[in-house]
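Residue numbers (the numbering used here), protein chains in the order written: chain A, 1 to 112; chain B, 113 to 538.
Don't take each hint at face value.
Claimed, not checked - Once the Cα atoms are required to be at most 20 Å apart in a straight line, the calculated EDC-like pairs of lysine to aspartate or glutamate come out as:
id: 1; chain 1: B; residue 1: K382; chain 2: B; residue 2: E343
id: 2; chain 1: B; residue 1: K420; chain 2: B; residue 2: D405
id: 3; chain 1: B; residue 1: K490; chain 2: A; residue 2: E94
id: 4; chain 1: B; residue 1: K325; chain 2: B; residue 2: E343
id: 5; chain 1: B; residue 1: K166; chain 2: A; residue 2: E33
id: 6; chain 1: B; residue 1: K490; chain 2: B; residue 2: D436
None of these hints come from the bench; they were simulated from the model.
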Amino acid sequence: MSAGVLSRLQAGLVALCVIGLATSSFAGTMTREQDAQLAAPCASCHRADGENSAIPVIVGMDEGRMLQRMAEYRLQTRGDQIMHVVASALTPVETAHLAQYFAMQRPMAPRP
Amino acid sequence: MRPCTRRGFGFLAGATCLAAMPRAASAGPLPRVVVIGGGPGGATVARYLAMSAKPIDIVLVEPKTRFTTCFFSNLYLAGLRSFESITFGYEVLADRYGVKVVHDRATEIDPVGRTVQLQGGARLPYDRLVVAPGIAFRSGAIAGYDEAAAEIMPHAWMAGPQTELLRRQLEAMPDGGVFTIVAPPEPYRCPPGPYERASMVAAYFKAHKPRSKVLILDTKDGFFEQDLFQESWNRHYRGMIEWLPNQFIGDILAVDVKTRTIRTSTQVFKTDVGNIIPAQMAASLAQQAGLADPTGWCPVVAETFESKLHAGIHLVGDATSPGDMPKSAFAANMQAKACAFAIETALTGADPVRPFLYNTCYTFLAPDDAISDAIDFKISNGHIGIADIEFSRMDESGAVRAGAVREANAWYDAFTQDIWGERGRS
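Turn these sequences into a full structure, and let the hints steer you where they fit.
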């Protein structure tokens with residue numbers, strides 16, 4: 001088994017653990033308001049209107065997919081220095097809340 | 113259109129108006145926040161306060177009706193972007209977010225009576241004040257360089273007419289000419305900015321005036337991401353960019369705009385186009401209001417960006433001394449969110465999360481070559497310090513760098529939308 005496959009598996013395991021956390025009682029410890037504050041820094045790079053660009057759309061992203069991606073960035077099995085710093089700065093509970101939050105969001109209306 | 117700004121009905125923006133409550137529906141007078149300055153710091157504070165769960169009366173004071181971003185203005189200088197594409201208005205903040213935008217200049221702050229005096233005569237009372245005034249140049253830092261001189265040898269470090277003037281001068285310069293940048297001492301707005309400007313002007317020369325040169329006269333002996341810049345200068349612009357550090361040329365003493373010369377303590381340099389970026393400090397309103405300390409910058413409480421010198425007044429952006437955070441639009445935008453949430457907590461009793469402070473920076477080395485860096489900041493014992501930092505690497509492929517160019521352009525659209533609520537026109 002190659003190191004790449006192994007680290008992808010590790011990332012998957014970490015993601016699964018985080019999903020477990022997210023569905024446990026931890027998820028209830030933050031209000032919707034706090035979730036929105038937690039998500040605010042993401043909007044500095046990820047477009048709120050959901051339009052496709054060179055930076056991925058995270059509004060409405062599947063929760064499991066986001067957890068998987070964040071684990072990959074943290075473990076550097078997916079290369080991106082900016083997202084490595086961001087993913088590493090978040091606690092597992094914060095990451096779980098973000099994944100839940102964005103999965104429920106819909107794009108901001110386009111400019112009038 | 114009725115303001116539609118309650119958070120929780122859409123991604124941060126609550127743009128689905130159907131669910132939004134009109135502000136007037138709440139009982140009693142609303143708490144009022146006055147924000148001075150409509151740049152990346154001030155406009156972000158206004159927009160995020162407008163999205164708070166409980167209604168807040170927000171007044172944004174900004175003299176300009178259109179704001180041109182310093183970030184990406186070097187791309188305009190290179191001819192890679194239009195001026196319009198880096199310029200934004202306040203219509204969306206006013207119409208969609210219900211921010212009261214006042215195009216006037218704040219001339220005086222009364223921190224005891226909690227009012228702001230405007231040049232046009234109005235006096236605005238506030239419960240909380242946010243001051244995001246940007247920078248001023250230190251007068252007398254370079255002899256002979258004043259406002260009149262800046263009309264001949266522009267600084268172009270506050271984007272707008274100065275940036276357009278510098279572009280016209282570059283266009284008018286004959287092939288074989290010299291463009292000279294005087295790079296400022298720390299701390300200053302946008303650490304990689306002077307060197308990105310050198311790169312972008314060299315890109316313009318390479319395409320249109322290949323016998324021309326870029327000369328950087330530096331007040332320092334080193335600069336941010338120096339190895340990445342110098343490696344790329346060798347690769348893209350061999351022999352076109354010369355960097356002279358302070359240890360070679362001595363201090364920058366004076367400029368003479370009539371003879372287009374720059375005098376240092378050891379030499380005199382003659383130039384065709386001169387771009388003088390002087391030493392900086394917090395803008396004059398912050399100095400007058402007693403918000404700056406003897407360093408010339410404004411000390412702030414790390415978690416809330418409240419002034420350490422006047423209670424009830426917050427500061428964000430380049431005018432502050434926020435620990436290890438750089439003076440960048442991205443840092444200002446991050447500080448603005450932390451500040452808006454702290455004010456929301458103070459005024460409405462909302463429970464805050466911990467502040468998140470990052471910096472991300474995209475820097476253009478050539479039209480198809482960009483680099484980036486990312487920093488995570490953590491607050492410890494009241495100090496904002498660097499917890500983690502990553503840079504682009506020297507050995508990256510052309511494909512990776514071209515990918516960073518596409519990412520940078522996508523970032524600009526997202527970032528300006530996050531500040532002014534509208535997208536640029538590229």
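Cross-check of the supplied hints:
1. Taken as a hint, the K382 (chain B) and E343 (chain B) pair is broken in the structure, with Cα atoms around 27 Å apart against an allowance of 20 Å.
2. For the proposed pair K420 (chain B) and D405 (chain B), the alpha carbon gap of about 10 Å is at most 20 Å, so the pair holds.
3. Only pairs whose Cα atoms come within 20 Å are accepted, and K490 (chain B) paired with E94 (chain A) is accepted, the gap being roughly 15 Å.
4. This hinted pair checks out: K325 (chain B) and E343 (chain B) have alpha carbons roughly 17 Å apart, not beyond 20 Å.
5. Of the pairs offered as hints, the one joining K166 (chain B) and E33 (chain A) holds, with about 11 Å between alpha carbons and a cut-off of 20 Å not exceeded.
6. Proximity of K490 (chain B) to D436 (chain B) is assessed by CA-CA distance (about 10 Å); at most 20 Å being required, the pair is judged to hold.
Figure legend: structure checked against the earlier numbered hints; the only hint not met is number 1.
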